[in-house]
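Got chain A sorted already, so can you dock chain B with the ligands onto it with the hints?
Residue numbers (this note's numbering), protein chains in the order written: chain A, 1 to 267; chain B, 1 to 390.
Don't read these hints as lab results, they were simulated from the structure.
Small disclaimer: the values here were computed from a predicted structure and weren't measured.
Where is the CB? At the ideal position from N, CA and C, for every residue including glycine.
A partial selection of chain A residues facing chain B, derived with a Cβ cut-off under 10 Å:
id, residue
1, Ala-36
2, His-78
3, Ala-202
With a straight-line Cα cutoff of 25 Å, these simulated BS3-like cross-link-like pairs (lysine-lysine) come out:
id, chain 1, residue 1, chain 2, residue 2
4, B, Lys-30, B, Lys-207
5, A, Lys-61, A, Lys-203
6, A, Lys-204, A, Lys-113
7, A, Lys-237, A, Lys-21
8, A, Lys-203, B, Lys-63
9, B, Lys-63, A, Lys-204
10, B, Lys-111, B, Lys-63
11, B, Lys-274, A, Lys-21
12, B, Lys-27, A, Lys-151
13, B, Lys-142, B, Lys-204
14, A, Lys-237, A, Lys-28
15, B, Lys-274, A, Lys-237
16, B, Lys-201, B, Lys-142
17, A, Lys-253, A, Lys-265
18, A, Lys-237, B, Lys-280
19, B, Lys-352, B, Lys-274
20, A, Lys-237, A, Lys-260
21, B, Lys-185, B, Lys-142
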Amino acid sequence: MNIIVCVKQIPDPETPSSSFKVDEAAKKVIPAQGIAPVVNPFDPQATEAALRLNEADGGGKVTVISLGAESARDAIKHALAMGADEGVLLNDPSFDGIDNFQTAVALAKAIQKVGEFDLILMGRSAADWDMGVVPSGVGQLLGVPVVSVAKAIEKNGGSVKVERVLDDGFQTVEAPLPAIVSVSNEFGEPRYPQLRQIMLAAKKTVQIWSAADIGLGAEETGAANRWLPLEALYVPKVESNVEIIEGDSPEEKARNLAQKLRAAKLI
Amino acid sequence: MARDFAADIADPIAREIVSNVGTWVDKEVKPQASEFEHADTYPDPLVKGMSDMGLFGIKIPEKYGGLDLSFECYAGVCIELARGWMSLAGIINTHVLVGYAISEYGTEAQKQAYLPRLVEPEIRCALSITEPDAGSDAQAIKTTARRDGDDYVINGQKMWVTNGHKAGVYLVMTKTDPAAEPRHKGITAFLVDHDVPGFIKGKKFEKLGYKGVETTELAFDDARVPATAVLGGKEGSGFQHIMSALEVGRINVSARGVGLAQSAFDDAIRYAQKRQAFGKPIIEHQAQQIRLAEMATKIRAARLLTLDAARKKDSGIRSDLDAGIAKLFSTEICQEVVLDALRIHGGVAYSKELPLERYYRDAPLMIIAEGTSDIQKIVIARSLVKDYPI
Ligand SMILES: Cc1cc2nc3c(=O)[nH]c(=O)nc-3n(C[C@H](O)[C@H](O)[C@H](O)COP(=O)(O)OP(=O)(O)OC[C@H]3O[C@@H](n4cnc5c(N)ncnc54)[C@H](O)[C@@H]3O)c2cc1C
Ligand SMILES: Cc1cc2nc3c(=O)[nH]c(=O)nc-3n(C[C@H](O)[C@H](O)[C@H](O)COP(=O)(O)OP(=O)(O)OC[C@H]3O[C@@H](n4cnc5c(N)ncnc54)[C@H](O)[C@@H]3O)c2cc1C
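Isolated chain A, as found in the complex:
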């Protein structure tokens, strides 16, 4: 299959809270000093899914696309080192500060420029803004079915059978190809890049496409044209209180705790 995998580079989610800062006036996250950005943790799972599907299928091509800063090349290189074939970085000054909907538009245009595809795989959400809307957005724009939060994907002739993770169980659905599937952590561990693949990946060139290269009009990009205007950005204050639940027996303590939780409308 021709599979396109979309990967994103994000601030390291392990960044200690003391190093996480936002510029409230500029409504921007200030990159933490000395902490390199990482690949969104769900995305290597999408790459893994692409590689496994093509391995089971006896061949195919995996193209990786990332929209981001110059450093997002590392996220693409990581996918190439896992075994993906080609990489495209969407990089343009006008992408600074765009929202998820504009990202979906840009990705959809880039995917159209790549051309033929059978399947598009993405992570279930990006661990920075955690919105999970890009897969649906791209699906809408390309007019292909979207199956979200996959834990297993199997190719079945001209369709894919996908096991989805729900809050209270699992659901199996089938979608005709081409389709978009977003992959969840339940899919299983992504492979570690082999040394040989890392060496090969270093020789592969990552193409860079600007907004103009993918035919994105000036009105479609730029922070000023966000679909979702950002009103304010701030780090919430976290307050914690400790209360010792009294009681003569474990049962009574549990009862008192349950009452407190109910009173606080937590259960």
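Only chain B with the ligands this time, still in chain A's reference frame:
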């Protein structure tokens, strides 16, 4: 989150590789190392992870299916492995070292017979020099190999053989001419397959640290090997070949010192920010700042010496001086840094729930194996004297 440990690697591909191995170490090794270590069980899943990544073929020439990466890359990888668990860098050490000896000094037939099998690896390698009565003075070995027609017959006892049970091929140092003067002229190295009749795998040592990987005795009781098993096909060159290969071993052990010290430091500087004493985090007591600064300085110097020795080896020149200096310094500072990390942790360092006690038991191995610190100093001084003829 920690600093980018691959940053000092000059070659971008090597840097990428070291960084990937570091990620693997953080995710797979660090969480499990103490458990394997305390049980003294061979870490099969971790060794599989290492071979899946292709680490065992790192120094095998491309012609034989290997990756032929630089010593700089290898040193960086070993630092990272040891940052997770020192034993992992030991499992790969004799493999790479013997692979190097075969690629540099082996006959074409030996290269073809062994090197492709060391990549996956189908078989792993061990190095056997030390005997009950010969360690630092390696030329005092008593194991003999006597020519008998097209064969040699080996007799003797070996000690302290790392990977001694799991290896498929052993590079064994013997005497083919016990009366030779100088003694090294009588020394011959053999490639002995694990299943040769008369080659006996002895007991496994119970060790202070360096657990998980087995270190064993070996015995040769009329073990018969073909003459084609002589490394390089020529009697009397074994000492030279093994000493050259030991430079690779010293780079490995030096890297282990750096990795282990780094790990202890990483734990200490985090703990020092969390732990309060006398009303403030202990890092705010100047005594602790000074201690941490000294630890970091030593590690940095050790890291750069190790990479420098590796780069010298890459350039193809004899690097016994540089490898000796790096190994001496890195392993000695490793002891000091680990002890300082223990001091910073106070009482909890003494508990088996933290890895500090493991670091503390692992550190001394490195000032002994691959040539003790005293022997490094002798090597360094002898080598330097050659630069100052009078
Ligand atoms: C866990 C472990 C794994 C090992 N793995 C291997 C292996 O895979 N293969 C292998 O062949 N060997 C291996 N060894 C052996 C190791 O290389 C030797 O232990 C080491 O070389 C020291 O030799 P020795 O133990 O005989 O000590 P000795 O040589 O008896 O040294 C005792 C002391 O005397 C000092 N000394 C000796 N000569 C001099 C001198 N000329 N001047 C000043 N001081 C001197 C030494 O520095 C040391 O302090 C291993 C050892 C250990 C502990
Ligand atoms: C095996 C074992 C048995 C023990 N038995 C007993 C026992 O029977 N009874 C008992 O009460 N305790 C016992 N202890 C506890 C022991 O006395 C403490 O571990 C020790 O006093 C250190 O305290 P700590 O572990 O809290 O370290 P901390 O006080 O947290 O010290 C951590 C680090 O901070 C440094 N530091 C602290 N303050 C300063 C400062 N002002 N300036 C500069 N550096 C500073 C320390 O030197 C150390 O390096 C035992 C500990 C062990 C390991």
